[in-house]
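Chemist: Sequence:
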Amino acid sequence: MPDVPLNFFWEIPKAGHRWIETHAMGQSPDLRWTYLTPAHSTGSQRVLGLRYHPLAAYSGLFRNFAATEPDQDAIKAFADRFGMLGGSLRKRIVLHDQGRDGKHPMGFGEHLGDWVHEILVMRLAIDLWEAARRGDADYLGRIISWAPDGSAVSIHTHPELQGGELPESPAYVHRALIADERLDPDILARFVPGDPIGPALHCMQSLINEHLHHRASPRLLWEQSRDRLGLYIVPEGLIGALWLQFARAVERDARFRQCAECTTWFEVSPGRGRTDKQFCSTACRT
Numbered sequence: 135m136p137d138v139p140l141n142f143f144w145e146i147p148k149a150g151h152r153w154i155e156t157h158a159m160g161q162s163p164d165l166r167w168t169y170l171t172p173a174h175s176t177g178s179q180r181v182l183g184l185r186y187h188p189l190a191a192y193s194g195l196f197r198n199f200a201a202t203e204p205d206q207d208a209i210k211a212f213a214d215r216f217g218m219l220g221g222s223l224r225k226r227i228v229l230h231d232q233g234r235d236g237k238h239p240m241g242f243g244e245h246l247g248d249w250v251h252e253i254l255v256m257r258l259a260i261d262l263w264e265a266a267r268r269g270d271a272d273y274l275g276r277i278i279s280w281a282p283d284g285s286a287v288s289i290h291t292h293p294e295l296q297g298g299e300l301p302e303s304p305a306y307v308h309r310a311l312i313a314d315e316r317l318d319p320d321i322l323a324r325f326v327p328g329d330p331i332g333p334a335l336h337c338m339q340s341l342i343n344e345h346l347h348h349r350a351s352p353r354l355l356w357e358q359s360r361d362r363l364g365l366y367i368v369p370e371g372l373i374g375a376l377w378l379q380f381a382r383a384v385e386r387d388a389r390f391r392q393c394a395e396c397t398t399w400f401e402v403s404p405g406r407g408r409t410d411k412q413f414c415s416t417a418c419r420t
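Take 135 as the starting number for the sequence shown in my numbering and just add one per residue.
Warning: the hint list may mix true and false statements.
Claimed, not checked - With a straight-line Cα cutoff of 30 Å, these simulated DSS-like cross-link-like pairs (lysine-lysine) come out:
# : residue 1 : residue 2
1 : 210       : 411
2 : 210       : 148
3 : 148       : 225
4 : 225       : 210
What the hints assert, rightly or not - Label-pair ranges, simulated between beta-carbon atoms:
#  : residue 1 : residue 2 : range
5  : 222       : 413       : 52 to 62 Å
6  : 226       : 328       : 43 to 53 Å
7  : 183       : 319       : 46 to 56 Å
8  : 417       : 362       : 32 to 42 Å
9  : 412       : 348       : 34 to 44 Å
10 : 413       : 364       : 42 to 52 Å
11 : 320       : 404       : 25 to 35 Å
Think of the hints as simulated: they come from the structure by calculation, not from any bench. Virtual Cβ for every residue (Gly too), placed ideally from N, Cα, C.
Start from the sequences and build out the full structure, keeping to the hints where you can.
Modeler: Here is the structure:
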């Protein structure tokens, strides 16, 4: 069966973005959090943006996202270049710095914590994928543990932490049971006891599926000629498109490289152009 084509376009606000301290609709005004919002967000007025096809323009965009530093400056720079994440992460917020007479318009924004979480989870999933592909049992063996009798296998990305202790730098602490002979005998039977690579790939698979859930769906849409309906996968927001691009890369066992000029990630798999490419575009090459 051929790949189901994508139908997804996104917008980048022309004026960029800004961080504000505010609360989402339905929350207490006394509890303010940090939200990213279009710089010219003015209530119900539509924000002018540049429309583009992210996954066609950037073959390794999910890797750019995962490589983004989880701080306000780097996240804003990503959003200014590629757009906000959208989907269920988009919230209605009060624009406290606008309005008058105590009345403030509503806009939309995305919580800083949601951005950080999505970046770090995708970064972990990519790390598991890359380590498994290169057969790095030493690295994976430090975070994936087998029961002495082979009856269970689990993952703890930061085994050095004790109890509820938090890491010094931003990190996604993932601690979970991957498979157990009583609860998941079929899954456990796929693995070689003591080997961390199979469980690592299963954990990566679970993370991708969890973050794709309700974020991309098949739909019948009219094709450009308007003479027939076609089946397409439509992501919900840029965040859905990023996880879908990651999933398709895993399916193809795709390879990626960073541009020697602008550091943008791009695919170099056979059949996707020259595998010795060092630049993502003609502009960067020249």
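Chemist: Would you mind marking each hint as holding or not holding in the structure?
Modeler: Right, here's what the structure says about each hint:
1. At roughly 29 Å between alpha-carbon atoms, residue 210 and residue 411 fall within 30 Å of each other, so this suggested pair holds.
2. The suggested pairing of residue 210 with residue 148 holds, with an alpha-carbon distance near 13 Å, which does not exceed 30 Å.
3. At most 30 Å may separate the alpha-carbon atoms for a hinted pair to count; residue 148 and residue 225 meet this at roughly 20 Å.
4. Restraint check for residue 225 and residue 210: the C-alpha separation of about 17 Å stays at or below 30 Å, so the hint holds.
5. In this structure the hint that residue 222 and residue 413 lie 52 to 62 Å apart at CB is violated, the actual value being about 36 Å.
6. A hinted range of 43 to 53 Å holds for the C-beta pair residue 226 and residue 328, which are about 50 Å apart.
7. Checking the proposed 46 to 56 Å range against residue 183 and residue 319 shows it holds: the Cβ atoms sit about 51 Å from each other.
8. Hint check: residue 417 to residue 362, Cβ distance near 37 Å, so the stated range 32 to 42 Å holds.
9. Checked against the hint of 34 to 44 Å, the C-beta distance between residue 412 and residue 348 comes to roughly 39 Å, which is consistent with it.
10. Range check, residue 413 to residue 364: Cβ separation about 34 Å, and the 42 to 52 Å hint is violated.
11. Range check, residue 320 to residue 404: Cβ separation about 34 Å, and the 25 to 35 Å hint holds.
In terms of the numbered hints stated before, the structure departs from hints 5, 10, listed from lowest to highest.
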